[in-house]
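Engineer: Chains A and B are the protein sequences, given in the same order. Under full-length UniProt numbering, think of the first position of the first sequence as 1, with each following residue one higher. Under full-length UniProt numbering, think of the first position of the second sequence as 1, with each following residue one higher.
If you're looking for bench data, these hints aren't it; they were derived computationally from the structure. Any given hint could turn out to be false.
Claimed, not checked - According to the in silico footprint, chain B covers these stretches of chain A (three or more CB under 8 Å from chain B): (1) 286–296; (2) 321–333.
Said to hold, decoys possible - Reference excerpt, derived from the structure (chain B facing chain A, CB under 8 Å, subset only): (3) M1; (4) L5; (5) C12; (6) L20; (7) D23; (8) L26; (9) N35; (10) K60; (11) P61; (12) G64; (13) K67; (14) T68; (15) T71.
Every residue gets a Cβ at the ideal spot worked out from N, C-alpha and C, and that includes glycine.
Here is what each chain is made of, one letter per residue.
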Amino acid sequence: MSVVTNTTTIGAIEAPSRRNTELALLAFAVAIPVFAYLNVGLALDGKVPTGMLGYGLGLGLLAGVAHLVVRKFARYADPLLLPLATLLNGLGLVLIWRLDQSPRLIRLAELSFGVFSPSATKQLMYSALGIALFAAVLMLLKDHRILQRYTYISMAVALFLLILPMFFPARNGAKIWVSIAGFNVQPGEFAKIIIAIFFSGYLMVKRDALALASRRFMGLYLPRGRDLGPILGIWALSILILVFETDLGTSLLFFGLFVVMLYVATERTSWIVFGLLMSVGGAVGVATFEPHVQARVNAWQDPFSCYATDGACQQIGDALLSFGSGGTLGTGLGQGNSDLIGFAANADFILTTVGEELGLAGTMAFLLLYGLIVERGVRTALAARDPFGKLLAIGLSSAFAIQVFVVAGGVMGLIPLTGMTMPFVAAGGSSVLANWALIGILIRISDTARRPAPAPAPSPDAEMTQVVRP
Amino acid sequence: MNKPLRRIAIFCGLLVLALLIRDNWLQYVRADELNSHKNNRRVLIERYSAERGNIIVDGKPITGSVKTDDTDFVYKRTYTNGPMWAPVTGYASQAFDANQIEKLEDGILTGNDDRLFFDRTMGMFTGKEKRGGNVVTTLSGAAQKAAFEGLGDKKGAVAAIDPQTGKILALASTPSYDPATFAGNSNKDTKAWVGLDKKNNPDDPMLNRALRQTYPPGSTFKVVTAAAALEHRQVTDIDAATETPLPWIMPGTTTPLRNEGNIPCENATLRTALRVSCNTVFGKLGADLGKDKMLETAKKFGFNQEQFIPVRADASVFPEELNASQTALSSIGQFDTRTTPLQMAMVTAAIANDGKLMKPYMIDRLESPSVDVLDKNEPEELSRPLSQENAQKLQSMMETVVNEGTGQKARIPNVTVGGKTGTAQHGENNSKNPYAWFISYAKADNGSPVAVAVVVEDSNASRDDISGGGLAAPIAKSVMKAVLDSKK
Numbered sequence: 001m002s003v004v005t006n007t008t009t010i011g012a013i014e015a016p017s018r019r020n021t022e023l024a025l026l027a028f029a030v031a032i033p034v035f036a037y038l039n040v041g042l043a044l045d046g047k048v049p050t051g052m053l054g055y056g057l058g059l060g061l062l063a064g065v066a067h068l069v070v071r072k073f074a075r076y077a078d079p080l081l082l083p084l085a086t087l088l089n090g091l092g093l094v095l096i097w098r099l100d101q102s103p104r105l106i107r108l109a110e111l112s113f114g115v116f117s118p119s120a121t122k123q124l125m126y127s128a129l130g131i132a133l134f135a136a137v138l139m140l141l142k143d144h145r146i147l148q149r150y151t152y153i154s155m156a157v158a159l160f161l162l163i164l165p166m167f168f169p170a171r172n173g174a175k176i177w178v179s180i181a182g183f184n185v186q187p188g189e190f191a192k193i194i195i196a197i198f199f200s201g202y203l204m205v206k207r208d209a210l211a212l213a214s215r216r217f218m219g220l221y222l223p224r225g226r227d228l229g230p231i232l233g234i235w236a237l238s239i240l241i242l243v244f245e246t247d248l249g250t251s252l253l254f255f256g257l258f259v260v261m262l263y264v265a266t267e268r269t270s271w272i273v274f275g276l277l278m279s280v281g282g283a284v285g286v287a288t289f290e291p292h293v294q295a296r297v298n299a300w301q302d303p304f305s306c307y308a309t310d311g312a313c314q315q316i317g318d319a320l321l322s323f324g325s326g327g328t329l330g331t332g333l334g335q336g337n338s339d340l341i342g343f344a345a346n347a348d349f350i351l352t353t354v355g356e357e358l359g360l361a362g363t364m365a366f367l368l369l370y371g372l373i374v375e376r377g378v379r380t381a382l383a384a385r386d387p388f389g390k391l392l393a394i395g396l397s398s399a400f401a402i403q404v405f406v407v408a409g410g411v412m413g414l415i416p417l418t419g420m421t422m423p424f425v426a427a428g429g430s431s432v433l434a435n436w437a438l439i440g441i442l443i444r445i446s447d448t449a450r451r452p453a454p455a456p457a458p459s460p461d462a463e464m465t466q467v468v469r470p
Numbered sequence: 001m002n003k004p005l006r007r008i009a010i011f012c013g014l015l016v017l018a019l020l021i022r023d024n025w026l027q028y029v030r031a032d033e034l035n036s037h038k039n040n041r042r043v044l045i046e047r048y049s050a051e052r053g054n055i056i057v058d059g060k061p062i063t064g065s066v067k068t069d070d071t072d073f074v075y076k077r078t079y080t081n082g083p084m085w086a087p088v089t090g091y092a093s094q095a096f097d098a099n100q101i102e103k104l105e106d107g108i109l110t111g112n113d114d115r116l117f118f119d120r121t122m123g124m125f126t127g128k129e130k131r132g133g134n135v136v137t138t139l140s141g142a143a144q145k146a147a148f149e150g151l152g153d154k155k156g157a158v159a160a161i162d163p164q165t166g167k168i169l170a171l172a173s174t175p176s177y178d179p180a181t182f183a184g185n186s187n188k189d190t191k192a193w194v195g196l197d198k199k200n201n202p203d204d205p206m207l208n209r210a211l212r213q214t215y216p217p218g219s220t221f222k223v224v225t226a227a228a229a230l231e232h233r234q235v236t237d238i239d240a241a242t243e244t245p246l247p248w249i250m251p252g253t254t255t256p257l258r259n260e261g262n263i264p265c266e267n268a269t270l271r272t273a274l275r276v277s278c279n280t281v282f283g284k285l286g287a288d289l290g291k292d293k294m295l296e297t298a299k300k301f302g303f304n305q306e307q308f309i310p311v312r313a314d315a316s317v318f319p320e321e322l323n324a325s326q327t328a329l330s331s332i333g334q335f336d337t338r339t340t341p342l343q344m345a346m347v348t349a350a351i352a353n354d355g356k357l358m359k360p361y362m363i364d365r366l367e368s369p370s371v372d373v374l375d376k377n378e379p380e381e382l383s384r385p386l387s388q389e390n391a392q393k394l395q396s397m398m399e400t401v402v403n404e405g406t407g408q409k410a411r412i413p414n415v416t417v418g419g420k421t422g423t424a425q426h427g428e429n430n431s432k433n434p435y436a437w438f439i440s441y442a443k444a445d446n447g448s449p450v451a452v453a454v455v456v457e458d459s460n461a462s463r464d465d466i467s468g469g470g471l472a473a474p475i476a477k478s479v480m481k482a483v484l485d486s487k488k
């Protein structure tokens, strides 16, 4: 486990903090969205957009603050995570601003709500709040292991957040929203992080029991009933979310997250088999009875056969047409017609704008940026010295990966479409805030992992017994 | 704990890989298919994003483009004299796609065709707005006007061809429709479109009768039978008596084949038989030739295959499976023989052009917005249904029809005109009103400049009034006259 840290502790010189690398990368992460902003302005109005200076300075300022906070409070943090998140957030702002200027979407909003309000300014505010939350996480959370103390409180909070939307009216067929005083919050986005904390704490304690105390049955290790309880509980919860909130995405995310963390904690393949069987069973069961889910599955199978008659088919059909029309290089920012998808064009379907206007090349770049964030997260998990940090890092990164897969896969017609947001890019305050917090925690863990280790205190910790293995 | 971590890393990598593969599948492999998908509104948006090129007749556009204030469509199609030209242009509608030339040459008209790549690139540098290219047709405005006004409020169609080149000069169909009424995408356009639909309008105005409707050709088909008889040397001298008894009993039956009225058909010469339109003579000729020889000649004239001019025309039919009596009936244009007006114009054109059938076409050339010729159609020989000698014999017979026979109403002073009338019966026991046919050609000093086929299916006229000579011949005459006058 400490293989990675061994190499960094060799030698008297201090390990490189890589903060300057981060700063250089951040310069790119700010410059690229500024150029994209210029591109949109030129394409739409034929002149340099007036807000360009403000936008560039704003994004630069936010990135600078975030960088200084990392430099001060997480010196040894991974140098890629912050620039990647900044780049995605910046490009997301450009895409939202571009869609704000679509005459089609403006007319549509005026027809349905009587008034059109641009999303870009709001999103910029949320981004600022998100980076503030990111800074707060780094400043207040000196060590990620503190979170371990709140294992069961986390469980309670996560359950509360997940159940809350059931008591609020559905929006666009899914109950994932909570409306308080004019603000619409998606608690699921925050629950994702909190439940990862609970799983990490719970599994760190229970991993031995789950891994070792099991009965062998047909080549698989089956857990004991009392260990199985919480797992069945989570399964039931995710099914409940699916049924009562008709939220396929969140349900998939939580169950996937739990199976991954269970597998990492116990190293038992049987858990994966068990988890997959349970999730497939649950999904098939619900899909058979729940008309909302059924419609999504039908739309996924053949969107063009029911294009004219069914809204779900039209959504996914429009998304596919948008991607196809982009082709290899895309139409160029501001020159596509991805706004033909009137519904949630700048939220759940924002990737279609990337697909149409930046083409295959741009979409692959976006997917690889997400892939890189996940990769840095997994690397952090590998490098982390404590099991809680490992579990939390892998939990957060795989949750991120699953979310990207569920949204992008849904929009591209790889899997049935579910209502979830593209992290950092899609318009929506909850998503931006939650994902900045997620990056903050990952940076905190990576800082701890890459920090030159003090001589490890001898402790009868389970980890130490493994280290002495040859 | 690192081993499962690595496996999860691989799992996450596979998720991203799956997305990348899917993306390539969508945006590379399926890009073209999705880009031109019928549900893809971008195709329509693109079609009307630039000033659409025009369809041109006699150097003047018969279409146009106007700017609109719609969010999606910058331009809208307009038509000059839409109902008259609809069978030629087809329609281009923001809401209901396009057809015929508007659809077939969409790439040129929108300016997106590969052949316009150079123009587009130049436009990018010079800052000129993208424009569509033009489609220049072979049609004659005067002939089309004569045909359309001749048909008037009767139901029917006219096809006129230049026999020497195959250029289509007129292509009219009535009742017609104005494609301008549904060129946009408003509720008014939808109403107009729905109102023109066959389900709501029994007259079916959007049917292009000149190309897409097959009619029993009646007696006009006798020229094909005559051509077969001459080509297969069943008859060599058109002025020698044929051995045709009266009444003539159809082989294998006890039914005599009737003539219309009391006409001199017993042992009539081929010339006389065509002049007075003897069913017995041509029925017997067809039966004596047999179905194979009849089919061979009919196919050489273009029967039993679709024609692309480049708009598709339905295949005319000479039945392939026939017994002797059915062959006799088919040879006088009854039974299952069916033809489009275009097909009968082709038959006439082949005869007028001394036996050489030219491939009919209606697009002369495609032009770029800067009027460079991108593509030019050259006259092309399709087949030789009959020899020059036999064609001239047939011409002589058809000229007799106009000068002394049933086709006198098509006579034009000082011009040699050949023709043939037809009155095709149809319906149970011939209960429905017959179709009035007339096919003819006119000759100038240097060969024939026009061959025309007219069919009128007017159910409001009384049965007696309908005859090729009475209803259809004057229309054919005015079309021929329009062409002859425009050549002067």
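Engineer: Hint by hint, note whether the structure agrees.
Structural biologist: Against the structure, the hints:
1. 286–296: violated (count 0)
2. 321–333: holds (count 7)
3. M1: 6 Å, holds
4. L5: Because about 5 Å separates L5/B from the closest Cβ in chain A, which is inside the 8 Å limit, the hint holds.
5. C12: Because about 4 Å separates C12/B from the closest Cβ in chain A, which is inside the 8 Å limit, the hint holds.
6. L20: 6 Å, holds
7. D23: Check passed: Cβ of D23/B comes within 5 Å of chain A, closer than 8 Å.
8. L26: 4 Å, holds
9. N35: 5 Å, holds
10. K60: Violated - the Cβ of K60/B stays beyond 8 Å from chain A, reaching only about 35 Å at its closest.
11. P61: Status violated, d = 29 Å.
12. G64: 25 Å, violated
13. K67: 16 Å, violated
14. T68: Violated, about 14 Å.
15. T71: 5 Å, holds
Violation of the numbered hints given earlier is confined to hints 1, 10, 11, 12, 13, 14; the remaining hints are satisfied by the structure.
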